[in-house]
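In the order they appear, the protein sequences are chains A and B. Count along the first sequence starting at 1, add 1058, and that's the number in our numbering. Count along the second sequence starting at 1, add 208, and that's the number in our numbering.
Hints are computed from structural coordinates only; laboratory data are not their basis. Heads up, some of the hints might be wrong.
[Unchecked claim] Just so you have them, the derived chain A footprint on chain B, three or more residues with Cβ under 8 Å:
# : segment
1 : 261-274
2 : 461-469
3 : 493-507
4 : 561-570
[As the list claims (entries may be wrong)] Beta-carbon label-pair distances, calculated as ranges:
# : chain 1 : residue 1 : chain 2 : residue 2 : range
5 : A       : G1110     : B       : T594      : 50 to 56 Å
6 : A       : D1152     : B       : L294      : 49 to 55 Å
7 : A       : D1108     : B       : A238      : 35 to 41 Å
[Unchecked claim] Just some of the chain A residues that point at chain B, by a computed CB distance under 10 Å:
#  : residue
8  : G1212
9  : L1234
10 : Q1260
11 : E1268
12 : S1313
13 : E1314
Backbone N, C-alpha and C fix where the C-beta goes; we use that ideal spot for every residue, glycine too.
One letter stands for each residue in the lines below.
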Amino acid sequence: MNRSKLLVALAALTLVFAACTDDGGGDTTTTGVDGGGGAEEGGTLAAVQDRGELNCGVNDVLPGFGIVDEEGNYSGFDVDLCRAIAAAVLGDADAVNYVPVNVETRFTALQSGEIDVLSRNTTATATRDGQEGLTFVFTTFYDGQGIMVPASSGFTVFEDLQDANFCVLTGTTTELNLNAVFSDRGISFNPVGFEDSAELQQAYEAGQCEAWTSDRSQLASFKFSIEEAGGEAQFIMEEIMSKEPLGPAVLDGDSEWLQVVNWTIQNLVLAWEFGLTSENIGSYSGEESRVLNFIGDGGYDPGLGLATDVNVTVIEAVGNYQEIYERHIEPLGIPLAGSLNDLWTNGGLMYAQPY
Amino acid sequence: MVTTTTSKTHSRPPFWRDLRVLRVVGQFVAIILVGLVLWWLFTNLVDNLNRAGIRTDFGFLTQPTQFTVPYFNTFNARNPVWQMVLVGVKNTFLAGSVGIIIASVLGLVVGILRLSNNWLAARLATVFVEFFRNIPPLVVIVFFGSAVFTFGPLPILSEALELRLPGSSDTFLLLSNDRWGIPGFTSRGNVPAYLGILVVGLVISVLLWIWRTRVNLSTGEPHHRVLWSLGALLAFAGLGYLVLGGPFGVEWPSLSENRRLIVSGFAMNWGFMALTGALGLYTASHIAEIVRGSIQAVPKGQTEASSALALSAFQRYRFVVLPQALRIAVPPVINQYLNLVKNTSLGLAVAYAELTALTQTSIANGRPAVQSIVVMMAIYLAFSLTISLALNVVNRRLQLVTR
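One chain only, chain A, in its complex shape:
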């Protein structure tokens, strides 16, 4: 009995001691420790190219953004972004290992190095950048939070939902925003938190909660699937509760990888701006110098560590931003033209930096 107590006490003391003395300053005696988990500092691009496969964290239950079918094939807006990165880094858009992550595991999967990039309709916030040790790359979808109620209820404004039950996914910016907006207006409410959307949808349809709050793109996706399956008609309220800029994320500490991912995504928007699609980019015959640089004509290389004709490879494999959007998101009933996600020349917010 004494022996095991001693071992347990020793282990506990070790933990307590180190917790007390370590205050985020790092331990200088163990910089030689290797073989532990976590991406090696500054080596993700090389690691992915060595491995020959990109580990991409995606959603597997959200139609339009990331969903898996019966044969195990992933498709969606965020999935296509993974394919674009794989095409850029490995030359093959299908060399992706999709890792389905849920709300609880998405950040720890990135922190532990299990995935190289997270592409799972994640909102970029300062708290996540700071506390989770991530960096968000270019915003790929400007969204906002909204509330959906059954059309038969007749509710149209937030005040109609005083004291009501709200179905929310725990661990998302959804509950934080719900709190912020409703308590600012002095409306009390009751958030019923669920781990996954399937249970949430069941509770919502059974009437256990009167309203469903989430990103409006997600609400559109679920409204589409509920009404298609013959359920009650749904109504998404007009008012937008928050800004939800969705975009891929990578782990801190690897600026080379960050640049690669960031520019691969921005180039999808640039291609759209130049009018280059998966069909015509291979046969571009014009003389515009900016476009020629973009397609790597004459060996133009911005020095990101990728091939000179990387954009041709990527666009031919997945298409430009507009093609990706029209393939996956327009069927949900959210048109590109006139929305926040339109090109800046059309009054939207998609403004990629020059090549």
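For this one, chain A is given, so just place chain B on it according to the hints.
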């Protein structure tokens, strides 16, 4: 070369061959090795966290939570995280204690029923046990939540079913698929004083119990200690109530104006009921098996002897079999209680905000994962150690002293 003249009573081998020394040194080396491995793992973790820029201290406990806890209107989103942890602890404690009570009572009854001579009762008990024992607890919980509440026959809250006692206009039970309302207590006067009187009554009833037991042991007179203690307690409770002029009353449940809240009486949310009911039944099936096994472990001669003495079945169980059986049952039952408390961590499946659910939510909202889980583990450890310590004391008192 030995030069002393004293004779050695025994020769000691050199220390590198001496088993006693080797044993001590071996244990010492093992402890050092384990400590080194743990130290290496720990510093590896801290290193990786620092490299990713994540904090490694416990300061997150004082930051605002930023989300509200469901079914708990008075929790402000600006309250610090440690208060959210306390809410989680309270909810886990509630679910755990009610679950333990349901499981113990039901388990005891079903365990005895399984050995009954009544064929139907015995078979029903067997079906109950075999059904719940062989299904994982999460499945039972989700099944309860879905079958009784989400997809069940109950109406939504705004159209809640109001059950009234015949001939009265007060609802004593409000049923819906989201919340249930049961009668609660309201304080109409000096409740702390009443609680003080109750505590005094409790102390006196315990003293009476001890006194009557001593009288019984020394003189053989029947102790009637339950009657004495309960009588004293009830007397104090009743007198206290009268003297203080009715310090509390019964409050019937009712819905608010907008029919979305239960504003009087006591409200239970569906997550709590699904979790507690499911875990109560699940653990009861295990406890029933333990009780059955411990009753069967009582030597058959005891049963035969009590029949020879013309004791009724009830008397046989109450005075001969159960005292011997329950003594054996205590250690495995401690285990089942611990399992029940740990299984409350499955509450997120039915949207019940107990400790694990709240911790996971706060981690997904940006609190450091490792430290939050350490705090959660420490709390579950505290719960488990408390239960096992308390019940081990009971066990030691019940153990047969053999020479």
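### Message
Run through the hints listed earlier and report the numbers of any the structure violates, in increasing order.
### Response
Hint check: 3, 8, 12, 13 fail, others pass.
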